[in-house]
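> Chain by chain, the residues:
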Amino acid sequence: MRAGEVLGFLGPNGAGKTTTLRVAAGLLRADSGEVRIGGASLSREPMRARARLGFVPDRPYLYERLTAREFLEFVAALYRVAPSDAAPRAQALIERLDLGEVADDLIETYSLGMKQKLSLAAAVLHDPPLLMLDEPLIGLDPRGARALKDLLRERAARGLGVLVSTHLLDVAERLCDRVLILDRGEKRAEGTLAELRGGSDASLEDVFLALTAHPDDGARDSSHSPRDPSRGGAP
Amino acid sequence: MIGALLLSRARLARRALFSRPRADSSWLRHPLVAVGIAAWMGAFVYGGLRTVLSALSAAGAPPRELAGVLALALGAALVALLVFDVDDAVRTLMQDQDLELLRRAPIPPLALLGLKALDAVPRTLVPVLALAAPALLAFAGALRLSAAALPFGIAALLALWTLPLAAGAALALLVLRVAPAARARETLALMSTATLVAIWIVGAVWLPHGFAASPGSLASLHGLLDRALVAPTPGAMAARAFAAIAAGATGEALRELAGLALAALLAILAAALVAQSSLVPALERVASGVASKPRIRGASSNAAAGSTDSAAWPRDGAITALVRRDARLLRRSWTLLGDLLVASTLWVLLPLVGISRFEIGWELLSRMMLLTISVGLGYEIAARSIPFERHLEYWSRVAPQPPVRWLMAKLLGSGLLALPVILLAGAVLEGVHPLSAGGAARALALVAGALPLSISSGLWAGLTFGDPEWINPRAMLRLPGRLATSGLLILQILFWLGIVFGIGRLSGRGEALAWAGLPLIGAGLATLPLLAGMRRLESPGWAH
Chain A
3 MRAGEVLGFL GPNGAGKTTT LRVAAGLLRA DSGEVRIGGA SLSREPMRAR ARLGFVPDRP
63 YLYERLTARE FLEFVAALYR VAPSDAAPRA QALIERLDLG EVADDLIETY SLGMKQKLSL
123 AAAVLHDPPL LMLDEPLIGL DPRGARALKD LLRERAARGL GVLVSTHLLD VAERLCDRVL
183 ILDRGEKRAE GTLAELRGGS DASLEDVFLA LTAHPDDGAR DSSHSPRDPS RGGAP
Chain B
12 MIGALLLSRA RLARRALFSR PRADSSWLRH PLVAVGIAAW MGAFVYGGLR TVLSALSAAG
72 APPRELAGVL ALALGAALVA LLVFDVDDAV RTLMQDQDLE LLRRAPIPPL ALLGLKALDA
132 VPRTLVPVLA LAAPALLAFA GALRLSAAAL PFGIAALLAL WTLPLAAGAA LALLVLRVAP
192 AARARETLAL MSTATLVAIW IVGAVWLPHG FAASPGSLAS LHGLLDRALV APTPGAMAAR
252 AFAAIAAGAT GEALRELAGL ALAALLAILA AALVAQSSLV PALERVASGV ASKPRIRGAS
312 SNAAAGSTDS AAWPRDGAIT ALVRRDARLL RRSWTLLGDL LVASTLWVLL PLVGISRFEI
372 GWELLSRMML LTISVGLGYE IAARSIPFER HLEYWSRVAP QPPVRWLMAK LLGSGLLALP
432 VILLAGAVLE GVHPLSAGGA ARALALVAGA LPLSISSGLW AGLTFGDPEW INPRAMLRLP
492 GRLATSGLLI LQILFWLGIV FGIGRLSGRG EALAWAGLPL IGAGLATLPL LAGMRRLESP
552 GWAH
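One line per chain: the protein sequences are A and B, in this order. Heads up, the first sequence is in this note's numbering, so the first residue is 3 and it goes up one at a time. Heads up, the second sequence is in this note's numbering, so the first residue is 12 and it goes up one at a time.
Warning: the hint list may mix true and false statements.
[What the hints assert, rightly or not] Calculated Cβ distances over 12 Å to all of chain B for the following chain A residues:
(1) 142
(2) 185
(3) 200
[Stated by the list, open to error] Which residues of chain B face chain A? A few of them, derived with a C-beta cut under 10 Å, are:
(4) 328
(5) 342
(6) 547
The hints are simulated quantities; they were obtained by calculation from the structure and are not laboratory data. Everything numeric in this text was worked out from a predicted model, so none of it was measured. For glycine and all other residues, C-beta sits at the position ideal for the given N, C-alpha and C.
Using the sequences provided together with the hints, build the complete structure.
What follows is the structure in structure tokens.
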């Protein structure tokens, strides 16, 4: 990851995106290799590394019988954010993510989209250098999706890193500075959209399908693979 | 389509029973372990009842009185079955992952109900195999019934299984149609706990002590058995059928069994009618559970938290924040609080089982009562505090807090909750019969020794066996965990009783020093499960 960029993490179902993010978040231990967050090794300096990461998992881990405000208060204490910083930050996030009206309701009354927004607010409350999001747009309405994308772009503009795992190629195309395509647990490609296109006018969808096509997919996908790497057209 | 669905069920059952467990899951969670536990419980019930029935028979009791015992046993099994089946039906309707898929498929409600009943067979059959079947076998063995009684037994068991299952499913559907699913589930679980505790208190405390204290106890017992046999209940009908078989009156046995079968058929009919009208609405209500819940305004205790004023935010460290969060969650979970109160009563009364208060002194009895509640709260509070919050696994891995802080917070929170419960129990006991100053000090020393060990053992059990997906407050640990915890509780009680017995052999200054040393022993031993718990929190692959 580079500072100040939004990196799109793409791959077909079962490619290993969620597993990779869970390893990076410390939820799973890697078979080999090392995760470093902001220069801190997750295995050797776990507390320092965790403090530098904000993670929005694929399903929100919230306490149903707390209110949003109480939950953010709890997360602020866990991440050692001083109340003088946490209170205004939490309020700003609540307003920005359109949670003001329900901030004192129990989370069990929230819709999936509202829970997703709260999960995002909790992940950025301590203003981490790196934010990782696993399918963050699931359940969000258009307004919520826009608020999320704006927030991610702003963080990148402030020099912070954002890693977004998504299935939505059009979102990745518009939101991400670079994309990394994962397939069957291996990196297939990484670069800016222009680099991946290799000078052609192919869409990200074309590039993605070409890079993740397999021989056993047969002719079914060949119509979608104008730049099949095996035919020498791969970026 | 139904054929394909049945085939999928057969595959699932085969894989559940015979597949190797995943590398990250304990063998204790294998279904065959549950089968083994059910078989062990069945053997236990069979052995106990067979002893009672054989003793009565040897004492010259007529078969009718033995049938009265059978009626009582089957009645208790039926209550357990009904409670268990309502609970299970709601769980199935709320939790089964394929329900949404099946609901959208073109399957009529009755077929869906039948399919789910089939899914529930392994779970609902456990009380039949562990309670009702051993009771019938014990009766047949004590009266040396011939193999010709076997078809009657199978028919009776089938009816005794079907009746509460159908009635439970109908009741569950009606409840889910009107009440929010999660609350309904927890309320039913609390009711089931209260029912079982009531049965336990009557069976283990009231009946023995009532009979022991009454000069006409034997006559009362005869009367009770007679009433149990003539009662218009399914358990009594099955018992009367078997009494008739023992007396060689096959026609009467058939009549009783026909009555039982009719009751089962009526229950099935009722379930079918309710399913026809309520299954789809209930499932829709469960599926849209979020919208059905009322919004709670002003839930925050921090009224000023809505402002950006940082002074309104507590300056909590991580441990305080964790304790505060648990307190908030618990305060809003009245079903768990109710369950805790019911269970606390049970733990205080436990020493009365098999002990007449006239046989031992009040000081020793009250000390034992405080000991059992101190040990019991290790399970009731500490073990459940881990799965209670559901997301400890996630947050302890992601947040920059070392495992020791999570454990210390749980230890502190559990202690803060347990202490008032124990103090309340102590105050009640003191009110019933005041202790001397020395007696109170000795009881206090015992509690101070037992509580840290029980809480730390409970935390270890919660970390090892906790089920974060729980929906029944009584079943926050998986079944092997509940059994392991029961073993731990018994070991702790025996350990402390042994210590107390040993201290009793001392005298003078040595005795006083030994009592004063109990808290140190407890604190020292408590470090072992805490260290094991810490390792558990740090172990790879624990979270997922």
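> State for each hint whether it applies.
How the hints compare with the structure:
With 12 Å as the threshold on Cβ separation, the claim that residue 142 of chain A sits away from chain B holds: the shortest Cβ distance comes to roughly 16 Å. The non-interface label for residue 185 of chain A is consistent with chain B: the shortest C-beta to C-beta separation is roughly 22 Å, beyond 12 Å. Once the 12 Å rule is applied to beta carbons, residue 200 of chain A is consistent with being away from chain B; the minimum gap is 38 Å. Annotation: residue 328 of chain B was flagged as interfacial toward chain A, and the flag holds, the nearest CB pair being 7 Å apart, inside 10 Å.
At its closest, the beta carbon of residue 342 of chain B sits 9 Å from a beta carbon of chain A; the interface hint therefore holds under the 10 Å criterion. For the restraint placing residue 547 of chain B at the interface with chain A, the shortest Cβ-Cβ distance is roughly 14 Å, beyond the 10 Å limit, so the hint is violated.
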